[in-house]
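Take a look at the letters that make up each chain.
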Amino acid sequence: MSGLRIVGSYFRTNWVIYVFGIGMVAFGSLLAAQIPSVLGRVTDCLREGKLGMSEMAGYVWLIVIIGVVRVATGWGGRVLVHHKGRELTYRLRKELFAKWGTLSPSYYHRHSVGDMISHALSDVEVVRELVSQGLNQGTSGMAMLLGASYLMAVHVDWRLTLAGLGPLLFIPLLVKWLGPQIRLQSQRSQEALGAMAQTTEEVIGGIRTVKAFGTEHVVISRFESRVDAIVEEKMRFVHLSALFGALLPLLVNLGFIFVLGYGGFLVTVKTISLGDFVAFTLYVAMLRMPLEQLGNVINIVQRSIASLNRIDELLHVVPDVIDRKGPLLDIPLQGSITVKGLSFSYPGSDRDVLHNISFCVKPGQTLGIIGAMGSGKSTLANLLLRLSDPPEGTVFIDDRDILHYPLARLRDGIAYVPQDGFLFSSTVLENIALSGEYPDRRKVERCAGVTAVHENILTFPEQYDTEVGERGVRLSGGQKQRIAIARMIYKDAPFQIMDDSLSAVDTATERRILDNLRELSKSCSGSEEGHDKATIIISHRLSAVQHADEILVLDEGSIIERGNHALLISQDGIYAEQWFMQAGQFEEGESDKSDADEQRDISPLDLDVEMEALEAGRLEEAS
Amino acid sequence: MNEKSPVRGSLATLIPYMKSHRLRLILVCILVVAVVVIDLIQPWLVKEVIDRYVTVTRPDSGAIMRMAAAYLGLVLLAFGLTYYQDIVLQRIGLSIVRSIRIDLFTHIQRLSLRYFDQNSAGRIITNVVSDTEALNNFFTQFLSNTLRGIFSLVLIMFFMLRLDVIIALYCFLLLPPVVLLAIYFQKQIRAVNAEVRHRLGVVIGFLAENLSGMAIVQIFNQEVKQQKRLDERNKALLESTILENRWFLLFFNITELLGDLAIAALIWFGGKGVIEGTISFGVLYAFVGYIRRFFQPINTISQQMNPLQSSIVASDRISRTLQELPDIKEVVGAEAPEVSGVITLAGASLAYRSGHTVLHDISLTIRPGERVGFVGATGAGKTSIMNLITRFYDVSAGAVIIDGKDIREWPLDALRRTVGIVQQDVTLFSGTIIDNLRFFQEDISDERVREACQLVGAEPFILRQPQGYNTILSERGSTLSAGERQLLSFARVLIFDPRILILDEATACLDSRTEEVLQKAIHRVSAGRTLLVIAHRLSTVQQMDTICVLELGMIVERGTHSELLRQRGYYWRLHESGMLLEEAA
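Here the protein sequences line up with chains A and B, keeping their order.
Counting with my numbering, you get residues -2 to 620 for the letters of the first sequence.
Counting with my numbering, you get residues 4 to 588 for the letters of the second sequence.
Careful, some of the hints might be misleading.
To be verified - Within a straight-line C-alpha distance of at most 25 Å, the following computed BS3-like cross-link-like pairs (lysine-lysine) qualify:
#, chain 1, residue 1, chain 2, residue 2
1, A, K359, A, K337
2, A, K91, B, K408
3, B, K408, A, K81
4, A, K337, A, K322
5, A, K96, B, K231
Stated by the list, open to error - Selected chain B positions facing chain A (Cβ under 8 Å, derived; list incomplete):
#, residue
6, L97
7, V168
8, A211
9, E235
10, A239
11, I266
12, I270
13, Q427
14, T435
To be clear, the hints were calculated from the coordinates, so they are not data collected in a lab.
By construction, the Cβ of each residue, glycine as well, lies at the ideal position given by its N, Cα and C atoms.
Sequences are here, hints too, so could you generate the full structure?
Written out as structure tokens, the structure is:
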């Protein structure tokens, strides 16, 4: 029930508007319940023949006034309640997004983005239904029912009221009983439809295979069975909804029949007047809709409690990575990083993703890390960025534990390029200048020059103001990566981490970019030591790390080889093997390893591909 | 069935199907009329009670009771009829849509690969899934609501005219403004609704992007900035939903107000009539009852224009697909020759679009059991040659001859049994491993499947799966590694035992360890078969009996690995540079 707190506190803060809104809706409905009774009075007057045209005009005006006032108040009240309800959805979405901003990647690993979006949309919509439609319909239904019952039972005849309205009172129960079943069956039909869509997708996607094996008849019969399943599920749905669609008028008609028979009898014996009889028949017709809605409200309440609980839970997720309590080291980062005996496993798993990792990078130095996916490279990057917290006393920046820095300070000091060069759907300019408040156009162009993407950008329709599309879809993979690297350079932070960010760039350009970067991070070293940057390059491709001061080869979370390029080649281990693994070189045999350095312009390109396949295998074993 | 005629042209696809359900559709119409009449008779009954049994000198309560009892019978009948009518109509719709779906899918399966290459998978899937569902809506929403709406409207008018012609005509004056109002509001609401959906899409897009890029947002300390950006979009959505709601409320309340005003007017004019004695009180009552029911059907019908529109569009798209003709046609009475595995390309050319020839006059003979490698850059025509041999496409000039017979004269079935292909992307279907291996054909024995798996070396990893051969592949085998998937596809091809085997980049994208396993598998599989291998890595084809080097749709070099190296041509250059063919392109 904790989820209801969200709605409760919202009502409390907006109680004035809700009191007015609900009051108006109720008042409008109570007035609406007067109309049949007025018509009843007209009837009686007509019957008794004591109605002149002036009294008649009076009644007509009464109806007009009641009509106008009840519509106006009902309308106004509904506008208020709906408006507030929609504002609540707006607020919930905002709060959810703010919450998500504080959660670390480990949360995102455990929850699919699709699910989260569905919370932000459907769960929030269900809540909106509760606080706007549900509230309105509940209020007006109850008001109308109570108003009509009062007028009829107290002023006319309670037995007739019971007979006429009795069957109608089953309507909410009917809705409550059949509604969820219909909904469930409708979901089942949707699932059957989804299964057919899936089969179609598989067959169309694999049409070459289907045709190559000459198995069209097989897939057709599979498709047929899916279609038959849809018919079956939908017929079940139709049976339920047809039952509902037939029972509803039946209940109303039963009420009408009681009024017709019993009421007619009461008129003839003069227990009630003709006007009362008329009013009764009109009430039965009038109450059908509100009672149907009342049943619906019951269902909305049930559904929304589940949604509210989910939202409440989401809003109360405790982020894993937060600033430590107590005094923090709120000082700028300088640029040396030390890792000592770092082992790490994700919560709830006893398998070490990283095992006993130690290294040190000083300003101006470059560390290369290679390894297959699942070897722990990206986890290492996440720990350095504190997207997950490393264990105490393992990662040090400027000789102080990374956990003692405020997160904002830490992230100010680190520039990072993700694997896929993640871009936002805005302009090239804004993407590169993401870290700044106002983009500095000249600096952006300089950075784009460093990553050899400036010329490309100049060919775009609106150059730096070109929209890159959702996640940069309008750009090639290489362009995206180079823009992402420019974004890192723009940030001009003492630490730079590149997580496999040149994979889609050809080797010649890769060389150019890396040369430029090296120059850039050392250029100021003469004048000002503080500008030297510590760079960590994580890669699949050995060519990206071969000039690093130290290269770590990671396998299943452990460092299995380390040293610079020349040392690793001379060790003739995995690094060397991978370096030589390229097309044709195995068979020739004569390509001797001493040539390797000269041959560096030819990089082992298909290593990526192979490693990815390997990783896929390993990942699968892990899971 | 009157309402069908104005859209007959556009819903043409449905007509032949509906014809076979003609009688049942007529039955539905009769049932709808019966149900509507029983419902609409209520105000009339009250009128009868008032005028005949109450406001007379000797009120007759017995007659009233009898009337109520009789109506009870009718109401119970209506209950049954409503239920039955709904089920009959829906069943008609479902069985028509079922037939259309199966016909459409079967037709699409008959189309040749050109169709699939020219139309995106997404479009075809939409056609089969959503377009047919839109037709379903034609029955569930449009037809059922429109039938009921139109009959209600007509019958209300009929009852009114029977009561009193003059007052009825006055009431009908209300029709044009109500109809115009309904149409106007539907249009407005559709427009604001489109805007709401658009803005909702923007918010979803923004959330999707930011949630998947949350790490970047955090690393660049952009949380606050992104929250502001969400706020703009969120606010825009809020505004449009409020606007949409205002339109809804406006429409709803104006209709309500009109209803009340109409009653007031009726009381004024009708009441005058009662006082003057021109009409009875019962008639006035019945009018009040009917005028309240006047608005509902008009609203219902005006809401049906959207489903109708989308059904028409869907029906158009379906009929266009059904009119597509397959280019690959089977000769009637074709018979397969004795199969040994000789392939001859006799001046074969291929153009996917006329005027854009991708293969030029290829002549090549492959002996039974020969192993031939094809190398060349992307777009050189390797896959096009395979498209010809499998008869995915027909030659635009020349001929492809297998075992002495032009493949255009082969029965397609026999050709596809003779030529097997393993592709780079392994297609697995949702089902168990064994289902996939024998392509859901239960008549292929388990032993044969197992034998094939043992031969290619796939059995060990299959047995490692939780249910062995009966493991259900989740998400089409995405949990398997690329190498494992490829092993399954080798085993599958072996089960079908083709005399000619094509490996289309089958070992690309694999790491060297897996490739080694696969190379061994290829070795075993190729025994006694003609083998055609497409590769972009030279190492894959070095062992072949013949290597064909393709460039721009022509075979530029041909020979064994060492011969080609000696020629010091394109192949040699590629080999020396150590580059991949893809890079050379």
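Against the structure, the hints:
1. A:K359 with A:K337: Distance ~14 Å between A:K359 and A:K337 Cα, so the pair holds.
2. A:K91 with B:K408: 70 Å, violated
3. B:K408 with A:K81: Cα-Cα ~77 Å, so violated.
4. A:K337 with A:K322: Given pair A:K337, A:K322 holds - Cα atoms ~24 Å apart, limit 25 Å.
5. A:K96 with B:K231: 14 Å, holds
6. L97: Hint on B:L97: holds, closest Cβ of chain A at ~5 Å, below 8 Å.
7. V168: Violated - the Cβ of B:V168 stays beyond 8 Å from chain A, reaching only about 22 Å at its closest.
8. A211: 6 Å, holds
9. E235: 11 Å, violated
10. A239: 10 Å, violated
11. I266: At about 6 Å, which falls below the 8 Å cut-off, the nearest Cβ of chain A leaves the hint on B:I266 intact, so it holds.
12. I270: 5 Å, holds
13. Q427: This interface hint is violated because 11 Å lies over the 8 Å limit.
14. T435: At 13 Å from the nearest chain A Cβ, B:T435 fails the 8 Å test, so the hint is violated.
The earlier numbered hints that this structure contradicts are 2, 3, 7, 9, 10, 13 and 14.
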